[in-house]
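2 protein chains.
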Amino acid sequence: MNVKNSPDAPSVCILGLGLIGGSLLRDLAAAGFNAYGWNRSESTVRAATADGYDVTGNLEDVLVRAREDNALLVLGVPMPALDSLLEAIAEHAPECGLTDVTSVKAPVLERVRAHGLEARFVGGHPMAGTADSGWKATMHGLFDGAVWVVAHDNAPIGSAGQAPSRTNPWTKTWHAVVDMAHAAGAVVVPAHAKNHDRAVARISHLPHIVAETVAIGGDLGGPLALSLAASSFRDATRVAGTEPHLVRAMCENNREGLVEALDEAVELIRQAREDLASGGSVRGLTEDGFAARGRFEARAGRSKGDATNRPIFNVHPGKPRWISQLDAAEQAGAEITII
Amino acid sequence: MNVKNSPDAPSVCILGLGLIGGSLLRDLAAAGFNAYGWNRSESTVRAATADGYDVTGNLEDVLVRAREDNALLVLGVPMPALDSLLEAIAEHAPECGLTDVTSVKAPVLERVRAHGLEARFVGGHPMAGTADSGWKATMHGLFDGAVWVVAHDNAPIGSAGQAPSRTNPWTKTWHAVVDMAHAAGAVVVPAHAKNHDRAVARISHLPHIVAETVAIGGDLGGPLALSLAASSFRDATRVAGTEPHLVRAMCENNREGLVEALDEAVELIRQAREDLASGGSVRGLTEDGFAARGRFEARAGRSKGDATNRPIFNVHPGKPRWISQLDAAEQAGAEITII
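Each protein sequence line maps, in turn, to chains A and F. Per the UniProt record's numbering: the first sequence = residues 1 to 339. Per the UniProt record's numbering: the second sequence = residues 1 to 339.
Next up, chain A with everything else stripped away, as it sits in the complex (with noise of 0.2 Å):
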């Protein structure tokens, strides 16, 4: 399963091996890292460890390990396991560079320098997923292709206005989370976590809260309803046959962007209703929906697996406005290139 990994591979440890822990364990594994994880949960620690994988229940255990290989952190807890680990690591293995998997970036930030550790803290999010969770849901290549978003909020800038040097170490741990999201396949887009947050409320949680309101209106049909539903039902409830509580970590720590983006919909539906309530047109919901689905269309691709078309911009890290060009890819929404 593991591949023999060379004296100098990358060491990473991965802190939860749900759904995106557990599948990032098994593409740096194959990609030759020297790949480890923990997990509170004994049946996932069998289950890995049964999968061939490097994988503990002893947390102290795992960061002194860490510390001693050097190795970047990843944190793969949903956000209200967040404090004890943050914790544990402030104790163990401070040193450490550390991000995270988490689908909203500035409440982890927040509890991160809450506990002092933000020097060497690089935030991460793979927009990749599936409406499966645990460890059994895991899969190699759970990442390819993916967008990995790699924020840049705590890049500490020098009272002159540099950016940080090559050897700076949140400059050594960013470069680190973006060789781990390129070795699982990725794409890097930076980001700041507000906006990063709010991008996210858009088009992850929205769809999230949206699909439990069709699911929920479709069931109310009875068994009519359900019979008759079909691809268009399927694919707009996909999502809500996520476990609960991952969506309320999601949805309740984003809750600025999500109101916004809500308060949007709510009232695109609401003229909607009120358009055919009166015998009107939904013209112009139908024509702008359309138009925003071919931007993304063009962007994304069609289907999954498409080629896209995102920007690329180079960036040159340790260069005295590296951290600006973060800033314009962002605004781009471009993939980076390290040069």
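The list makes no distinction among identical chains, and a pair is therefore deemed to hold if it is satisfied within one copy or across any two copies.
SDA-like, lysine to any residue: derived pairs with alpha carbons at most 20 Å apart:
1) Lys-136 / Gly-294
2) Lys-194 / Gly-279
3) Lys-194 / Leu-220
4) Lys-136 / Arg-302
These are calculated hints, taken from the structure and not from any lab test. These figures come from a predicted structure and were not determined experimentally.
Here the structure of chain A is known, so what remains is to put chain F in place on it, guided by the hints.
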């Protein structure tokens, strides 16, 4: 392309060769039916003819032929084009059995009645489609495993309450429609027009309005949001890629049912918005949505092509209580088999 049809092969004349009508022509020709069609647009006639199908642009000619063949006529045009077609049918082929494939049933029945054609009319609606339209989108197998709703509102019930006999023209048309649906690979679920329309408001037209809304919401997030959009956004907005005029034709002809579904949806989303804004939880919505999706999956399977778990009811056309058998199947959302 065409299987050579036997002298007693059923004759079906499809009027309008878009995604549904055109795909049906492909399936019926492959099944050995004497299947032919008409389309208003010359380019569609050319393309379908080039693909080996028996297609004309002359409406009067095709109706005269259908009358001679005693063909089942299939109305395959959107609502706005219906009246002129019904007028031509009333003039040239009033004795033919008549059905349709439109996504709303009550307004079509009303137009059919207005043209005096209800004695041989049996409404239908295959629950299949893609976001594409026109002959170029047609395909063999589109209806494979799909539900084909067959409506029985206007079954001619006698003054003593007796169901129509096996030789009644309405029963014959009903049988021909069911046979056609089965030949196309579909399963038949009976429903009254109004119940069908309320159900599809929930499981098709609501998803369309919501998909337009989510597409617009994501697009308003600009390049960063569109770059981060992944599978939850892709699936949630897929049907926003449907031609706007087709979405309007569905929604604007199903106002009553759709307004009811939209009112419920707005209330659920507004409640989630309030809960999030006030620091509360979306537990109720996520748990209800998860349970609803589970009930859908239990009935229809999780992915397209999964085995379904709908009940199956026997129906004995021409028997005294056979229309009541259809009512019972409708209430259960059951497929029917004909004995």
